[in-house]
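Q: Given the coordinates of chain B, assemble chain Y onto it according to the supplied hints.
Number of protein chains: 2
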Amino acid sequence: MSQAADKVWTAGMVVIGDEILSGRTADKNIAQVASWLQVQGIRLTEARVVSDDMGAIAAAVNALRSAYDYVFTTGGIGPTHDDITVDAVARALGVPVVIHPEAHAILKEYYKDRPGGLTEARLRMARVPEGSDLIPNRMSGAPGIRHGNLFLMAGVPHITAQMLDGLTGQLEGGAPLISETVGGFIPETEVAEILREVEKAHEGCQIGSYPFFREGRVGSNFVVRSTSRDVLDSAVDTLCEALAEAGFDFTPGGI
Amino acid sequence: MSQAADKVWTAGMVVIGDEILSGRTADKNIAQVASWLQVQGIRLTEARVVSDDMGAIAAAVNALRSAYDYVFTTGGIGPTHDDITVDAVARALGVPVVIHPEAHAILKEYYKDRPGGLTEARLRMARVPEGSDLIPNRMSGAPGIRHGNLFLMAGVPHITAQMLDGLTGQLEGGAPLISETVGGFIPETEVAEILREVEKAHEGCQIGSYPFFREGRVGSNFVVRSTSRDVLDSAVDTLCEALAEAGFDFTPGGI
Numbered sequence: 001m002s003q004a005a006d007k008v009w010t011a012g013m014v015v016i017g018d019e020i021l022s023g024r025t026a027d028k029n030i031a032q033v034a035s036w037l038q039v040q041g042i043r044l045t046e047a048r049v050v051s052d053d054m055g056a057i058a059a060a061v062n063a064l065r066s067a068y069d070y071v072f073t074t075g076g077i078g079p080t081h082d083d084i085t086v087d088a089v090a091r092a093l094g095v096p097v098v099i100h101p102e103a104h105a106i107l108k109e110y111y112k113d114r115p116g117g118l119t120e121a122r123l124r125m126a127r128v129p130e131g132s133d134l135i136p137n138r139m140s141g142a143p144g145i146r147h148g149n150l151f152l153m154a155g156v157p158h159i160t161a162q163m164l165d166g167l168t169g170q171l172e173g174g175a176p177l178i179s180e181t182v183g184g185f186i187p188e189t190e191v192a193e194i195l196r197e198v199e200k201a202h203e204g205c206q207i208g209s210y211p212f213f214r215e216g217r218v219g220s221n222f223v224v225r226s227t228s229r230d231v232l233d234s235a236v237d238t239l240c241e242a243l244a245e246a247g248f249d250f251t252p253g254g255i
Numbered sequence: 001m002s003q004a005a006d007k008v009w010t011a012g013m014v015v016i017g018d019e020i021l022s023g024r025t026a027d028k029n030i031a032q033v034a035s036w037l038q039v040q041g042i043r044l045t046e047a048r049v050v051s052d053d054m055g056a057i058a059a060a061v062n063a064l065r066s067a068y069d070y071v072f073t074t075g076g077i078g079p080t081h082d083d084i085t086v087d088a089v090a091r092a093l094g095v096p097v098v099i100h101p102e103a104h105a106i107l108k109e110y111y112k113d114r115p116g117g118l119t120e121a122r123l124r125m126a127r128v129p130e131g132s133d134l135i136p137n138r139m140s141g142a143p144g145i146r147h148g149n150l151f152l153m154a155g156v157p158h159i160t161a162q163m164l165d166g167l168t169g170q171l172e173g174g175a176p177l178i179s180e181t182v183g184g185f186i187p188e189t190e191v192a193e194i195l196r197e198v199e200k201a202h203e204g205c206q207i208g209s210y211p212f213f214r215e216g217r218v219g220s221n222f223v224v225r226s227t228s229r230d231v232l233d234s235a236v237d238t239l240c241e242a243l244a245e246a247g248f249d250f251t252p253g254g255i
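Order-wise, the sequence lines are chains B and Y. Counting along the first sequence from 1, when you hit position 107 you're at 107 in the UniProt record's numbering, and nothing is skipped either side. Counting along the second sequence from 1, when you hit position 207 you're at 207 in the UniProt record's numbering, and nothing is skipped either side.
One or more hints might be untrue.
As the list claims (entries may be wrong) - Pair ranges (Cβ atoms, derived):
| # | chain 1 | residue 1 | chain 2 | residue 2 | range |
| --- | --- | --- | --- | --- | --- |
| 1 | B | N62 | Y | P157 | 30 to 38 Å |
| 2 | B | A201 | Y | G253 | 54 to 62 Å |
| 3 | Y | P157 | B | G116 | 38 to 46 Å |
| 4 | B | V8 | Y | V98 | 31 to 39 Å |
| 5 | B | A244 | Y | Y110 | 26 to 34 Å |
| 6 | B | G131 | Y | A67 | 45 to 53 Å |
| 7 | B | N149 | Y | A244 | 45 to 53 Å |
| 8 | Y | S35 | B | N62 | 39 to 47 Å |
| 9 | Y | F212 | B | A105 | 41 to 49 Å |
| 10 | B | V98 | Y | G148 | 41 to 49 Å |
| 11 | Y | P115 | B | E241 | 15 to 23 Å |
| 12 | Y | G253 | B | R214 | 32 to 40 Å |
Said to hold, decoys possible - Listed next, the stretches of chain B that the computed footprint assigns to chain Y, with coverage defined by at least 3 CB atoms under 8 Å from CB atoms of chain Y:
| # | segment |
| --- | --- |
| 13 | 108-120 |
| 14 | 238-244 |
None of these hints come from the bench; they were simulated from the model. The beta-carbon is built from N, C-alpha and C at its ideal position, and this holds for glycine as well.
Looking at chain B on its own, in the form it has when it is part of the complex (with noise of 0.2 Å):
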């Protein structure tokens, strides 16, 4: 029991989509499951963004499942010749793809009422390695995909939403990484050595420092995280106390 309760959960995630590496498009879904993961007590460890690449996608999902606990793809799930998701993803686990049947029934309902029903390309998106099963999805009629441990996800932001919605509380993990932050008008420099002495005084305690500019000054954001409230509040404490010991204004929940 101690040790299950000890054990930290992790996930890798690949983003699956040649406008992540063109620029075209930010990516917005590393945050989104990233913050979605801190909630079920797991810890995103690694993203890979790789293009609509069979042998690219396959070898980063093979190399993030045989590292983490759990496994997210965001892309190249919808009805178009660049969504091979399901295909490499079939390919590193060794699997054929098959149809299936629920995910059939789905579209077939989905696109009943809608101009041209349920076309050859709309049938794609009932595609999964064999032996998934299936992720709800209300906005549009495409699931995600569930096989084992291995999630494969939209890459519409909104719809990937929709999925982790439905995921909530479904998998194990384990204590929520907590965390508070910090911030003023504080140049990270000069608190270099606070910052280091404050997260050494306080095990299982990670503080980050997280410059910006704004108008026209230049301040900081410390974020202090663990999975222990008492250990953070008192690392938190501890590092106020500093600051205002140095004779910084410093805002608590950061500016």
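A: Chain Y only, in chain B's frame:
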């Protein structure tokens, strides 16, 4: 000559930072570096997001530099304890970390009249893997770092923008990938076959399909890419004809 002209120049990217993997901060550097690379005739082929962990950073840098012509990193070159990119890259390269005399001089000058002067923490920003050159940064004192085909840039996007600006035209690349977009309130499921046919008929052209929901309606932008202006123009013309023939309204340039 013709071999060199045909060579596709590639880059990998390592985004470093717990703030990205916690979901606190949405990465902007992948899109920024990717867009800049396109103009240099270099294709961003893979990006990895890793945490502030020596082993993870070093492993990603080594994996990507053996696979691609160039490697860019963003994040972790500031003055605080969580800025360990220089150490991790030095480990990956198997070289020691040294103080770069020119970086030292720049920081000395920059902090001459600033409160606190050049502290030990600030001096951290003059540390580089042995054998490095500097990448100028007009925005703050701290320069970026170049070691052969490896480029260490800031995590703050507008500082990285400055560093990229300083590198413009300095890197050997091939023909830039150029693109045209055609968009409309067209469900991608209804034109999947058209896209596939147009791409197949134009060698060296790729068509990406990017669906959206807007004003309560579904639509898509179709991005046609090629390194050849002729191929690109021909593919776009063929696509527009096919969309018109199928009865769709569309907007050149995308919507």
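Q: I'd like to know which numbered hints this structure contradicts. Please list them from smallest to largest.
A: As far as the earlier hints go, 6, 8, 9 and 14 are violated by this structure, in ascending order.
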